[in-house]
Structures are given as C-alpha cells and as structure tokens.
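First to last, the sequence lines map onto chains A and B.
Quick note: the numbering used here has the first sequence finishing at residue 290, numbered continuously throughout.
Quick note: the numbering used here has the second sequence finishing at residue 173, numbered continuously throughout.
The hints are simulated quantities; they were obtained by calculation from the structure and are not laboratory data.
Only a predicted model underlies this, so the values are computations on that prediction, with no experimental measurement involved.
Hints may contain errors.
[As the list claims (entries may be wrong)] What follows is a list of derived Cβ distance ranges for each label pair: (1) F290/A x D123/B: 24 to 30 angstroms; (2) V130/B x K48/A: 23 to 29 angstroms; (3) A40/B x Y206/A: 39 to 45 angstroms; (4) T99/B x L172/A: 34 to 40 angstroms; (5) E119/B x Y206/A: 25 to 31 angstroms; (6) T133/B x K48/A: 31 to 37 angstroms; (7) D30/B x A209/A: 26 to 32 angstroms; (8) V131/A x R66/B: 20 to 26 angstroms.
[Unchecked claim] No farther apart than 20 angstroms at their CA atoms in a straight line, the calculated lysine to any residue pairs in the SDA-like style are these: (9) K145/B x L123/A; (10) K145/B x D83/A; (11) K128/A x D170/A; (12) K194/A x L137/A.
[Claimed, not checked] Example chain B residues on the side facing chain A (calculated, C-beta under 7 angstroms, incomplete): (13) L86; (14) H89; (15) E90; (16) S148; (17) G149; (18) T151; (19) L152; (20) R155.
Yeah, the Cβ is synthetic: ideal placement off N, Cα and C, and Gly gets one too.
Residues per chain, in single letters:
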Amino acid sequence: MEKRFTFNHLAASGLGLAACALFAGNIPSARADENLFGFVRGAETLPKGHFDFYQTLTLRTSKDAGVYRGWDSDTELEYGFTDKFQASIALDNRYIYNRGVEDLPDANHFTFGGVESAMKYRLLSPFKDPVGLALRLEGGWLLHDEVGGLLEHEMYVAPEVILQKNFFDDTLVTELNYGVEWAWGKDPAEQYYKEFSMQGGAGVTYRFAPNWFLGVEGHVRSEWPLFNFGNFEHVVVYAGPALHYARERWWVTLSYNYQVYGHGVDESARSQTFAEETRHEIRFKVGFNF
Amino acid sequence: MSDWKTFVLPAALVLSTSAPCFANVYLTTDQAQKLIFPGASCTPWEGKLTEAQKKAIEKTSDLRIRKDPQIWHVSGGGWFIVDEVLGKHEYITFAVGLTAGGAVKQIEIIEYRESYGSEVRGDQWRAQFVGKTAKDPLRLDQDIKNISGATLSSRHVTEGVRRACAFYDIVLK
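Extracted from the complex, chain A is given alone in its bound form:
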C-alpha cells in the first residue's frame, strides 16, 4: 500500500531539520560550496575533512491544463576528501499531485525517487586563479520519475563543467555550468528506454549587504530519446531570481524560475512545453556545515 504523504509533512521535516541545526551552535563548521543559486553550481569545493548537509525542496507547478504540483525533496550529505575534491550522496523523494493533466494519470502520492551520488574536483580556484574551474560527475539510480512519480528503473551518469568568475572583491559572483546526461531504464514511466540530454545554467549574483546575495539565474535542458540526435524531444529554458542568505553555520537559498521558452515535438504551443516540464520551478535549499 502506498504511503500517503502531504506537503505539510515535507515542510515540517525541512523546518525541523533547520531548527535542529540552528540550535547546534557549538558545532565547528565550514562555509565552502554554499549554493548561491537554486539551480546553478559554483566551482568551490568543501575543505578537507568537512561535511555539508543539504535539504532541497523543489516545487514544479502549472502545466497547460489541469492542476499539477510536483515536489522533490533531496537530502544530501557531502564530504571534502581533499581541499579540491568532494563527494556526496543524496536521497530523493517525490510528492506528486496531479489532476486533469493531459497524458498523465491523476495522482496524489508520495514516492521514493532514488539515490544519487556526485563528485566534484576543483582544478582552479575562483578566489585565486583568473577563473574558477571544476569538473563534476553525477550518477544515480531512480525508482520513480519526477513527472508523474511513475515506476522506472533509471540509471544515469552526468558529467559537467563548472566555471566561476568573481568580481569586486568577490562581491559579484558569476557561474556557468554545462553538462550532458546519459540515462537508461526510463521506461515504463516514459515512452523510450534511454535518453540523452544536454543541460546548462548561468547565474550572476551580488552581495548587496553582509550575508545576503541577490541575483538571477537561468537553466536550459534539451533531450534526445534513444541517444539519437535525429529524435529531438524538447528544449526548455527557465530563468528567474535567486536570493541567498548565510550565517556562520548554515545558509539558505530561495530561487524562482519561470519557463521563458520551451519547445516540444509533440506539442502545438511553441513558446512553452509541458509534457515533462512546468511553468514554474521554485527551489528552497538549506545547508548546514560541519
């Protein structure tokens, strides 16, 4: 029997975790690899011997018909093996509420998304070198897809290049990501067994007051089922503001991204695409440093 899970439970969990860490005031901590953006990554890495704990909540909502809310909860632990190399492991959970969306069965359920792991190696420091450069490799095993929470047995690998350039005494931070992904086992949640995608992101943010950063970010994703470039599926571009606040032992980031452009081969609307995407993506991250 499938477990019922409402968003109130999800929010309460996040709040509880935040409260626990807030009052863990005597824990020594690190501050590297804070996420200044919701979707775009920076080139910094955790110092050797330090942990980061992240809780990310993402709301994907609004399609062209019906009511759709997809909640993703990523709980992640990251460790700095050296000052330049870090690795992480994350558990994904999803809550899908869906009524009357075309080609998607109605749903109101909580599902276990899967397990993801990533490693990042910093080649150049954004604080010392002309530009920060890091290579990241992510892989995962996903049991339910993020669109409908439907059963799948997906495995994927996703290498990524991360660039970061800081200006004005590191008060203005720009970040650029570009990566690709190979995924297998996407059926039966999706029509095709395997898929290739390209994804990128860019953001610029400014420290407008001590502890606070405000910026804009955007991310793009395009997909080709069956690893076939002649079999284009869709492309989507999101953009919006990102607000970041950090204290000595924790930080939070809130980001809102709107689908500014989308195009899917199976859809008539050419300015937005909704088969696998939504109009809004809102992400809240909280990180604690140990």
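Since the structure of chain A is provided, determine the placement of chain B on it from the hints.
Leaving out everything else, chain B in the frame of chain A:
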C-alpha cells in the same frame, strides 16, 4: 495558495529566527596593541584622508577602501592600524603594526566572523608578513603562501595588509 504559504514558511522561519552572530572576537583593539607594541603607548591619528590619497591607495593596493581604517601613532615610532576586509559574507577585522620605516612588525586577527578559514590566525602564516613594505608584492602565491581550503580569507587578509602598507607609503610616511 495555501501551498505557497506552506512552501515559504520554512524559509521565513529560518530567517526570522536567525541565531545571534557567532562572531569570534579573538582580541580587543587594546589587546592587539599590547601584543604588537608591548609597553608602548598609542595616540589616535587625527589626520583625514583626502579623496586623492584614497584613490592613490586604492590604485597602489589594488583594493577598494570601503571604510577608513583606525590609525594610532605609537610612542617610540611606528603605527598601529586596525582595518577590515571582506570575508565570504562578513568582515574580517585585523590589526597591522608598522615600524617607523613602514615595515610590517606583526599582524593580528582581531575578529573573524567566518567559521572556516580561521587558519589565517596561525602564527606561521602571519609570520610571512613580517618585514614586508609597500615595495613588496604582498600577493598570494608570490611572496605570501596560500592556505589551501581558506583561499578567500588568505587573499583578502593579504590584500588588507597591502592596503595598510600603501596607506603608510602615501599618507603616513
């Protein structure tokens, strides 16, 4: 609508319950003076930085002056300067003691508000600055070694000392 409120609630509560700043105040200004110039007395410098001097310091040190430093003249010769540089999110307050000839006698970290990178307080790292003047590069990986994993703090403190030396060279000499 209620979903939106619920979503924002964790963020709002986290921010509104912001814990008090865990700033680490290692020294008072007075303690830093006594450490760098034991037995000496310090008199506040009453001078005023002109716009031209400010621009010259910024140009020489390659670092913006966000706030005028506090400066004292030390009995028997020398200067005691308390200044701030940006940490990752807050300011790092530090003190530089200069000899009468403008060479760095000692530096001390007074307040460090970042929880990581406090290795810049280490004796060995700070000792690298002793004897440096405005004529030295005072740059990371040139004449000052970086602290791996604390690069931002290392760089900004180094830049701060470079600015203090430039201040002496342009204004106090």
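Hint check, R155/B versus chain A [nearest Cβ-Cβ separation less than 7 angstroms]:
6 angstroms, holds
CB of E119/B to CB of Y206/A, is that within 25 to 31 angstroms?
Holds - the Cβ-Cβ distance for E119/B and Y206/A, about 28 angstroms, lies within 25 to 31 angstroms.
The hint names L152/B as touching chain A; please verify it with the least Cβ-Cβ distance against 7 angstroms.
Hint holds; L152/B Cβ to chain A Cβ min 4 angstroms, cut 7 angstroms.
Holds or violated: are the alpha carbons of K145/B and L123/A at most 20 angstroms from each other?
At roughly 18 angstroms apart (the allowed maximum being 20 angstroms), L123/A and K145/B satisfy the hint.
Given the hint of 26 to 32 angstroms, is the C-beta distance from D30/B to A209/A inside that range or not?
30 angstroms, holds
At a threshold of 7 angstroms, is the proposed contact between G149/B and chain A supported by beta-carbon distances?
3 angstroms, holds
Is the gap between the beta carbons of F290/A and D123/B within 24 to 30 angstroms?
26 angstroms, holds
Does T151/B hold up as a contact with chain A if the rule is Cβ-Cβ below 7 angstroms?
This interface hint holds because 4 angstroms falls under the 7 angstroms limit.
A40/B and Y206/A, beta-carbon distance inside 39 to 45 angstroms?
42 angstroms, holds
That 23 to 29 angstroms hint for V130/B and K48/A (C-beta), does it hold up?
About 28 angstroms separates the Cβ atoms of V130/B and K48/A, which means 23 to 29 angstroms holds.
Does the Cβ distance between T133/B and K48/A fall inside 31 to 37 angstroms?
Taking Cβ atoms as reference, T133/B and K48/A lie about 34 angstroms apart, which means the hint holds.
Quick one: are V131/A and R66/B within 20 to 26 angstroms, going by C-beta?
Given a distance of about 25 angstroms, which is inside 20 to 26 angstroms, the answer is holds.
Checked against the numbered hints above, the structure breaks none of them.
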